[in-house]
Amino acid sequence: MARIVAGVATSHVPAIGAALDGGRADEPYWRPVFAGYEASKAWIAELKPDVVILVYNDHASAFSLEMIPTFAIGCAAQFAPADEGWGPRPVPTVIGHPELAWHIAQSTILDEFDMTIVNRMDVDHGLTVPLSLMFGQPEAWPCPVIPIAVNVVQYPPPTGHRCYTLGKAIRKAVESFAPDLKVVIFGTGGMSHQLQGPRAGLINRAFDTAFLDDLTADPAGLAAKPHIDYLREAGSEGIELVMWLVMRGALDDAVREVRRFYHVPASNTAVGHIILENIPPSEAEQQ
Amino acid sequence: MADYHDIPGTVVFDAEQSRLGYHLNMFCMSLMTAQNRAAFKADQAGYLARFPMTQAQRQSVLDRDWNQMIQLGGNIYFTSKIAATDGLSFQQIAAIMSGVSQPEYAQMMLDGGRSIEGVRSKSENARG
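Chains as they are written, first to last, in numbering that gives the first Met the number 0: chain A, 0 to 286; chain B, 0 to 127.
Don't take each hint at face value.
Stated by the list, open to error - Far from chain B, by Cβ distances over 10 Å, these chain A residues were calculated: (1) 43; (2) 49; (3) 94; (4) 113; (5) 135; (6) 196; (7) 198; (8) 202; (9) 223; (10) 235.
Claimed, not checked - Calculated lysine to aspartate or glutamate pairs in the EDC-like style (CA-CA distance at most 16 Å, straight line): (11) A:171 with A:45; (12) A:181 with A:45; (13) A:181 with A:49; (14) A:224 with B:2; (15) B:121 with A:232; (16) B:121 with B:5; (17) B:121 with A:212; (18) A:224 with A:212; (19) B:40 with B:5.
I should point out that these hints are in silico values taken from the structure, not numbers from a laboratory.
Don't be surprised by glycine CBs; every beta carbon is placed ideally from N, CA and C.
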């Protein structure tokens, strides 16, 4: 059967993609950001997932205000990088996994999550920057990717609790898929940042640190955090962090934190990154 | 009043803002193609007249009054497409919206970003 072995969370700041694409990764401003992901790249290269489920949000690229799905799953065979106003990022086309994606769609809908099924969707920096951070600049992405887009642009986004329980439903779906696949789930966006108005540039390190601590150790408690806390403490765009709870819900209650990185700034944003692993049964018995 | 109306310097893109700003944001969305960006640059007022926006919304775009666009229902992920058309970065318009020069803003970010202290709550600030 397929199984989710680990979760990765990371910010998806567009300027990071622009820096990498523009050959500026070695500049003093950007070097610490990319250095923070070196160990993570080695980790995932060794793990070699068969599929990545990537939870992210679209930023007025594939979805405008004409249609605003709260949860959408990409079931297509491939997804082209979106033109966000500067031309598409020069990164490989994202190859999907339609069989598993459709299976997850069916399973989660019957599990009472009303997913929107998407067969045509360009993917913007929200999806491609995390791939770049974890996989670098390959000719082709090393495995298929299933995009799960969450609305966090139009208020209200789904609650943290809803995201967390969706993660649990995704896990159930994956574990009922017969082929023996190793799956890693990504939650992306955040951390604290505000892009608009007189309060633009807000960063709240204390909030971000507590969020990372609770993500590992007290996810059910973290899932109860109301939207006002995100908006007030982490900024109007910091509410993207609810997407990390989808990833967390798909993992075991008790996990091993194998990597954490935090850096300010990347343009307007605090960059946060964490890797959590399920503890294999063989090791759990020994403990 | 919603609880988030108490946050200083922040407009949450809620149902009311989205309803007000629909045509403004859909104008921004039209700038996703190179052809439309060129048409907009060639005749800004004429291009804006194609969209059923309010005159105040059109004026805020012509003035590049980024905060006013947000007040009138614009969403930052949409209005930033105007910035991209102008060749401005997210950080450049963030500096303008927060009323400082771009170097000052960039330095604030290098120093750890804008502190949350004093910008949590209008009512708390009013109480001192």
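Hints versus structure:
1. 43: The claim holds: residue 43 (chain A) sits with its nearest Cβ about 28 Å from chain B, beyond 10 Å.
2. 49: 33 Å, holds
3. 94: Label holds. Min Cβ-Cβ 24 Å, cutoff 10 Å.
4. 113: Consistent with the label, residue 113 (chain A) stays out of reach of chain B, its closest Cβ about 19 Å off (over 10 Å).
5. 135: 24 Å, holds
6. 196: Its Cβ does come within 10 Å of chain B, the nearest being 5 Å, so this is violated.
7. 198: Contrary to the label, residue 198 (chain A) does not stay out of reach of chain B, its closest Cβ about 3 Å off (not over 10 Å).
8. 202: Non-interface label on residue 202 (chain A) violated, nearest chain B Cβ at 3 Å vs cutoff 10 Å.
9. 223: About 16 Å separates residue 223 (chain A) from the closest Cβ of chain B, which puts it past 10 Å; holds.
10. 235: 5 Å, violated
11. A:171 with A:45: Given pair residue 171 (chain A), residue 45 (chain A) is violated - Cα atoms ~25 Å apart, limit 16 Å.
12. A:181 with A:45: 12 Å, holds
13. A:181 with A:49: 5 Å, holds
14. A:224 with B:2: 14 Å, holds
15. B:121 with A:232: 13 Å, holds
16. B:121 with B:5: OK: residue 121 (chain B) and residue 5 (chain B) at ~5 Å, within 16 Å.
17. B:121 with A:212: 29 Å, violated
18. A:224 with A:212: Judged against 16 Å, a Cα distance of about 14 Å means the pair holds.
19. B:40 with B:5: 38 Å, violated
Hints 6, 7, 8, 10, 11, 17, 19 from the earlier list are contradicted by this structure; the remaining hints agree with it.
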